Structure formats: structure tokens, C-alpha cells
Amino acid sequence: MVAADKLQEGIFSKRTIVLVLLVLLLGIPVFSRDFYILQVLVFANIAAIFGASWDILSGVTGIFSFGQALFFGAAAYMSAALNLFLGIPPFLTIPLGGVFGVAVGLAVAIPSLRLRGPYFAITSLIFPGILAGIIYMYPSITGGEAGIYGLSPISTDIVITYYASLFLMLASIFILLRIANSNTGLIFRSIRDDEDTAEATGINTTKYKFISFAISGFFAGIAGGFQAHLLMSISPFVFNTFYSFQAILVASLGGVGTIFGSVGGAYLLSFLNESLRGFAQFRVLILAIVMILVFRYLPEGIIRRITRHYNIRFGLWSGLKKLRRKN
Amino acid sequence: MEPILEVRNLSKHFGGITAVNNFSLQITEGEILGLIGPNGAGKTTLFNIITGFTKPNSGIVLFEGRNITKLKPHKIANMGLARTFQQARPFKRMLAIENVAVANFSGRALGRKDRGGDVLSKPLEALRRVNLVPPEDNLFKLGGEMSHGQTKRLDIARALVLEPKVLLLDEPFSGLGVIEMTIMSSVIQKLHEEGITVVIIEHKMRELMKLAEKLVVMNFGEKIAEGSPREIAENARVCEAYLGKEGSSLLA
Numbered sequence: 007m008v009a010a011d012k013l014q015e016g017i018f019s020k021r022t023i024v025l026v027l028l029v030l031l032l033g034i035p036v037f038s039r040d041f042y043i044l045q046v047l048v049f050a051n052i053a054a055i056f057g058a059s060w061d062i063l064s065g066v067t068g069i070f071s072f073g074q075a076l077f078f079g080a081a082a083y084m085s086a087a088l089n090l091f092l093g094i095p096p097f098l099t100i101p102l103g104g105v106f107g108v109a110v111g112l113a114v115a116i117p118s119l120r121l122r123g124p125y126f127a128i129t130s131l132i133f134p135g136i137l138a139g140i141i142y143m144y145p146s147i148t149g150g151e152a153g154i155y156g157l158s159p160i161s162t163d164i165v166i167t168y169y170a171s172l173f174l175m176l177a178s179i180f181i182l183l184r185i186a187n188s189n190t191g192l193i194f195r196s197i198r199d200d201e202d203t204a205e206a207t208g209i210n211t212t213k214y215k216f217i218s219f220a221i222s223g224f225f226a227g228i229a230g231g232f233q234a235h236l237l238m239s240i241s242p243f244v245f246n247t248f249y250s251f252q253a254i255l256v257a258s259l260g261g262v263g264t265i266f267g268s269v270g271g272a273y274l275l276s277f278l279n280e281s282l283r284g285f286a287q288f289r290v291l292i293l294a295i296v297m298i299l300v301f302r303y304l305p306e307g308i309i310r311r312i313t314r315h316y317n318i319r320f321g322l323w324s325g326l327k328k329l330r331r332k333n
Numbered sequence: 007m008e009p010i011l012e013v014r015n016l017s018k019h020f021g022g023i024t025a026v027n028n029f030s031l032q033i034t035e036g037e038i039l040g041l042i043g044p045n046g047a048g049k050t051t052l053f054n055i056i057t058g059f060t061k062p063n064s065g066i067v068l069f070e071g072r073n074i075t076k077l078k079p080h081k082i083a084n085m086g087l088a089r090t091f092q093q094a095r096p097f098k099r100m101l102a103i104e105n106v107a108v109a110n111f112s113g114r115a116l117g118r119k120d121r122g123g124d125v126l127s128k129p130l131e132a133l134r135r136v137n138l139v140p141p142e143d144n145l146f147k148l149g150g151e152m153s154h155g156q157t158k159r160l161d162i163a164r165a166l167v168l169e170p171k172v173l174l175l176d177e178p179f180s181g182l183g184v185i186e187m188t189i190m191s192s193v194i195q196k197l198h199e200e201g202i203t204v205v206i207i208e209h210k211m212r213e214l215m216k217l218a219e220k221l222v223v224m225n226f227g228e229k230i231a232e233g234s235p236r237e238i239a240e241n242a243r244v245c246e247a248y249l250g251k252e253g254s255s256l257l258a
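Sequence lines, in order, name chains A and B.
If you're matching positions, the first sequence starts at 7 in this note's numbering and goes up one per residue.
If you're matching positions, the second sequence starts at 7 in this note's numbering and goes up one per residue.
It should be emphasised that the hints constitute simulated quantities derived from the structure, not laboratory data.
It should be emphasised that the depicted structure is a prediction, and the values quoted were computed from it without experimental measurement.
Positions of the beta carbon are idealized from the N, C-alpha and C atoms, including for glycine.
Any given hint could turn out to be false.
Derived contacts from chain B toward chain A, CB cut-off under 10 Å, selection only [to be verified]:
{"hint": "1", "residue": "Asn15"}
{"hint": "2", "residue": "Asn84"}
{"hint": "3", "residue": "Ser112"}
{"hint": "4", "residue": "Gly113"}
{"hint": "5", "residue": "Arg164"}
{"hint": "6", "residue": "Ala165"}
{"hint": "7", "residue": "Ile230"}
Chain A extracted, bound-state conformation (with noise of 0.2 Å):
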């Protein structure tokens, strides 16, 4: 890559190109209202906000997680207990649950201060498995095997829930975009390129490695949340290790610390999950190959080669950008 092309904007700019998928995708249910369609974008938005929630922890500050179903799948538990015991209405509830996120993130940030790399990311691989064993132990409170059921739905209409899913996804993305490309974010990427460096520089890298769990935490938990009241129900399924390498999938499909790679990953991996849907046994079978093409061609992520000629910073870069033309 010609250092130029880094500053260096596409045909389109990146406004009209924003404002185009903005109108299609608020647009999506005037052409179709049809509850299937629906409810699979809906399941993509969640998967939008929960793959950029695991992309902050590891693909901007590289911290590698196997374990993001833990932030999940906890919060989805407090979304649930908190509705079905204290009444309290799932907008309430979906907040909160990214909140109780925060706090199993951040308990979890404590053995990734010493455990560096691969060693954190094996480990991160079966918090969940403790949670769900904890889960069993009580069936009283948490329902065991068969979860919980009887939790109040987003909405009735479809329509409803796939506006409120959207606007969920669209602000997290967004909030995650700022923070990723903030002066916060450029030691997040610090950290994710040399730990020590960082750390010889002056930065307290344990603080923004806290920083960076509480927020990923928060955004898996809100995506947790939304889905525990989208089913209406909770199992420890969402402790499964399917779901953390859900987050991974998105991301790296969009492409791995671009944050807005995850919402193009959503849809990507939903499209193609639906559609080879005829193809029964085979269609594990032709994702991980259609994968394995993508991982091989086009390591930086479907989304990201597309958009490779557009950069996103807010930090630094307006700073920056000025400096160019000066030259």
C-alpha cells in the first residue's frame, strides 16, 4: 500500500455512501413486511452489535477473546431475571444487562493482566463453560438446562423490533466507530501492536485494558439482552462456544479492527446461512469452505477490502489530514 493511499478517498464519498445503506436499511419493511425476512435482519443486527463488541477487545486492542458468549449470555441471564422477577420492561432491561456486561468484564480483565496472548485466549475459552456449569447447579433461580421462559417480547410487530433492533445496532456501531478511532482508540491500537512499547511510552496499559473489556462487555451484553427478549426466553445454549466464534465470524468476515466490518459481516454471514438453508447437512459444510476462501483471499475482510480506500478517524486524523494537503 502507497503511503498516499491511506489518506486517499473513494469514487463515492463516504457520506453518500452511508446515507445510501441508511435509506435501504430503514427502508427494508416498506417493501416487505414479511415476518421471516424480518426477524432474520433482526438476528443480523444482533449479530452486528455482538461481532464489533468482541472486535474492540480483540481486534483493536488485541486482546484475543474465545470466550465473548461469557459477556453474552450473562447478560442476557440479568435481562431475563430482571424482567420476569421485577417487571421491569425490557428497554430498561437491555441498558442494564450491557451494564451487568461491564461487570463480568471486568472481573475477566483481571486474569488477562498476567495472562498474555494465546495463553488468555485458551483460557477466555471456558468462561463460559463456568457460567453455564453455575447456571445448571441452580435450576431453581436460573431454570437449569431448560432456561427461562415468559420474558416480555421487544414488541409484538415485527416492524417494531426490527426499527428498534436497528437503531440498537446503528447507535452501537456508531458509539463503537467513535470510541475505535478516538485518541482512546489510538492506544487501544497501541496496546494491540506492543504491550511493552505501550507501556514504556507512559501509557498505563492495565487501566486501558479495563477500559476496553467494560466496553466490550457492555455492547455483548446489550446484544445478549435484545436477544433473550427477541426469543422470549433464555438456555444456557448462549454460554456455547458457537456463539463466541458467532462474534469472531462477523468480525473477521467484515474484517478484524474496522468495528463497521461487523455490521457487513452480520449480513453476510445471515444471507448465506439463510439461503443454504435447501442444501440441510451440507450447508455447515459450504460456510466453512466459503470461509476458508475468504480467510485465504482476502485476509483483511470482505467489507474492509471493499472499503479499503476509506479511513474513519476522529482522533488524530482531522489533525492529520491537514498535514497532508500542507505537504
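Go by the hints and put chain B onto chain A.
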């Protein structure tokens, strides 16, 4: 005069190996001190202990009279004791200017009053001081795209944004070409003239002999000699342990 940096009776064992053995050293403000010795003598371990990356088994590190032995690396850096690593360690996926700008968000830089609104001016100035800019194109190179020699200077530029009082350079000349070595020499010389205390670990004796005012020789974790470059080059014990028979020829 009170030393700006002092280590007293430092010892560090890794399992059965003694990396640093009852080592003491005083560094005077404003000097360039060279730290030499064979591979495995404990030089880098000493740097790691001073900057908080490794904790010693015994002994203390004093910076401006304050005991910093137990402080975390970023706290020590924020006091004005900066370092580079033996292997150049840029942030590979960040632009050169971003690489350096990170230091602007250190506690030390944030606490500075004259920081102003422009977060880029200090990093730019630092890149100029290490001769990476001009050309301005270098600002927009990724850390991973830069040459080895450039990343060595990028590491120094990052440290400079901290406005350090003491700079510890771990083999700044290693792997550099002839021209790059000349640039590096003049960069270090300039920093010295600006009043920064510099400690250099180096195997390139010709370059170091020209720069350093004082040399300290380590072997098996112990200090075996200390003195001016001339004294060291003519020291029989140093020649035997490290420099070789023709030590004094290095002075030419």
C-alpha cells in the same frame, strides 16, 4: 553532585542463573554513559530492572533520589526515564506519526501545561529531532513498512515526546548501515547537547567510544571496570573479557 540515576547492590537471578550480581552504578546528570560487555553479561536485564519491566531480587533503583524499584514501567516512564528496546519495536499497524503521538497521551504529556490544543506538534518536532522528517512522506508510513534504521529512530522519537531527563538506549546502532550510523550518532550527540542524560548499551565500540564520556563494563552480571573510553580500552581485564587484545586500536 547527586546522581540523577543510581542503582545500588542490584541482584537478579533467573532460576540458577545470576544475570545481575550486586551491581551498583551512579549516573551523573547530562552525561553520556556507555554500558558494554559480552552477550549475556546482564546489560539488558539491568535496563529492564531500571525501567520496571523486571523486578530485582535485591537492591534498589533511585531516580532523582526517589526509590523507583517497585514502580510499574509506565509510572517510571512518566517520571522522565524513557527507554528503547534492543529490537526496534514500532507499533507496526500504526502510522509513524501515530506511533509517536501515542506518547502524547502518557500521564507525563497530559500533565504538561504547554501541551496546547495541537496534539501533533510535539510528535512532529520529535520526528524532526531524530531526522525522520523531512521527508514528510515518512509521517504516513506504517511502523511495519519502515526500514530497520528508521524504526530505531522512531523508537527514540516516541521516547522524546515524553521529554525525558534520562534516555536509556539499548543497542541503538545494531544492524544499521554506515550512513544510518552517522545519523544515529549525530542524533544522540544532539540530545546530549540538549541536556538529556543518555545511557547506551552497545557492541559497536567505535561509535560508542566517540560518543560516550564514561564507560562501564559488565561481565557475568558484575561491574568489572569503569572509566573514560581511554582507560577502558587500555584496561587489561576488559581486553581479556570483551574487547580483545587490540582494545586500544578502537580509539583511533
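Results of checking the hints against the structure:
{"no.": "1", "hint": "Asn15", "verdict": "violated, 25 Å"}
{"no.": "2", "hint": "Asn84", "verdict": "holds, 4 Å"}
{"no.": "3", "hint": "Ser112", "verdict": "holds, 3 Å"}
{"no.": "4", "hint": "Gly113", "verdict": "holds, 6 Å"}
{"no.": "5", "hint": "Arg164", "verdict": "holds, 6 Å"}
{"no.": "6", "hint": "Ala165", "verdict": "holds, 7 Å"}
{"no.": "7", "hint": "Ile230", "verdict": "violated, 28 Å"}
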